[in-house]
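We have chain A already, so just place chain B on it with the hints.
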Amino acid sequence: DTGVSQDPRHKITKRGQNVTFRCDPISEHNRLYWYRQTLGQGPEFLTYFQNEAQLEKSRLLSDRFSAERPKGSFSTLEIQRTEQGDSAMYLCASGGDGRYNEQFFGPGTRLTVL
Amino acid sequence: DQQVKQNSPSLSVQEGRISILNCDYTNSMFDYFLWYKKYPAEGPTFLISISSIKDKNEDGRFTVFLNKSAKHLSLHIVPSQPGDSAVYFCAASGKTGANNLFFGTGTRLTVIP
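Protein sequences appear in the order of chains A and B.
Reading the first sequence from the start, the letters are residues 1 to 114 in my numbering.
Reading the second sequence from the start, the letters are residues 1001 to 1113 in my numbering.
Looking at chain A on its own, in the form it has when it is part of the complex (with noise of 0.2 Å):
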């Protein structure tokens, strides 16, 4: 399977934990998105890599966030503190170079916080 993969597939953690999300993206794609899913809401960007680096972050990425993209390969996002309000499914994307390159969605990670 050549698609987008996220590690784990749900996550149930207690208020005040740390929490971390792996996401591999397709292969051959430079560019990789997360974005964060809450109930009868559609997602909603939180951060950008072009290759390795981060080039964009969302207001809504508190600084208990934080993202990594190593080597340009997979990439971690990184939940400190927990909150109840940072219950939501965490999507992640992967898109080619191309101006109109449709993004790729792996089928995200649950988080539960208790």
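For the record, the hints were derived by calculation from the structure and aren't laboratory data.
Owing to the predicted nature of the structure, the values given are computational and were not obtained by experimental measurement.
One or more of the hints may lead you astray.
Unchecked claim - The list that follows gives simulated cross-link-like pairs (lysine-lysine, DSS-like), each with its CA atoms no further than 30 Å apart:
no.: 1; chain 1: B; residue 1: Lys1095; chain 2: A; residue 2: Lys57
no.: 2; chain 1: B; residue 1: Lys1005; chain 2: B; residue 2: Lys1054
no.: 3; chain 1: B; residue 1: Lys1068; chain 2: A; residue 2: Lys71
no.: 4; chain 1: B; residue 1: Lys1095; chain 2: B; residue 2: Lys1054
Just chain B, lined up with the frame of chain A:
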């Protein structure tokens, strides 16, 4: 501030008939529009896209229409099949920067056999 809006939360259509899903946007800088389909517990799956230089794009049973003056686009599915039952999201991106997508809130399509 919702820049992409899908005002119909749900739509039910008989199998074999046409499904029309609508989407409006407010940002005139958007120049690329996409439709995604989402099943429960899965990520969104890309369906079809259109750039602002076109007003129609067709792919099999799926056609997207863009009316730039009205800032409106629609997705037509014909004929509708039970397997099309899912939540459909409209998305848009701008001309510069990250090209990140702005999504609507989705329309749940139910195709009745």
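Here is how each hint holds up against the structure:
With a CA separation close to 17 Å, the supplied pair Lys1095 (chain B) and Lys57 (chain A) stays within the 30 Å bound. With a CA separation close to 21 Å, the supplied pair Lys1005 (chain B) and Lys1054 (chain B) stays within the 30 Å bound. Distance check on the hinted pair: Lys1068 (chain B) and Lys71 (chain A) sit about 40 Å apart at the alpha-carbon level, beyond 30 Å; violated. Of the supplied pair hints, the one linking Lys1095 (chain B) and Lys1054 (chain B) holds, its CA atoms being roughly 15 Å apart against a limit of 30 Å.
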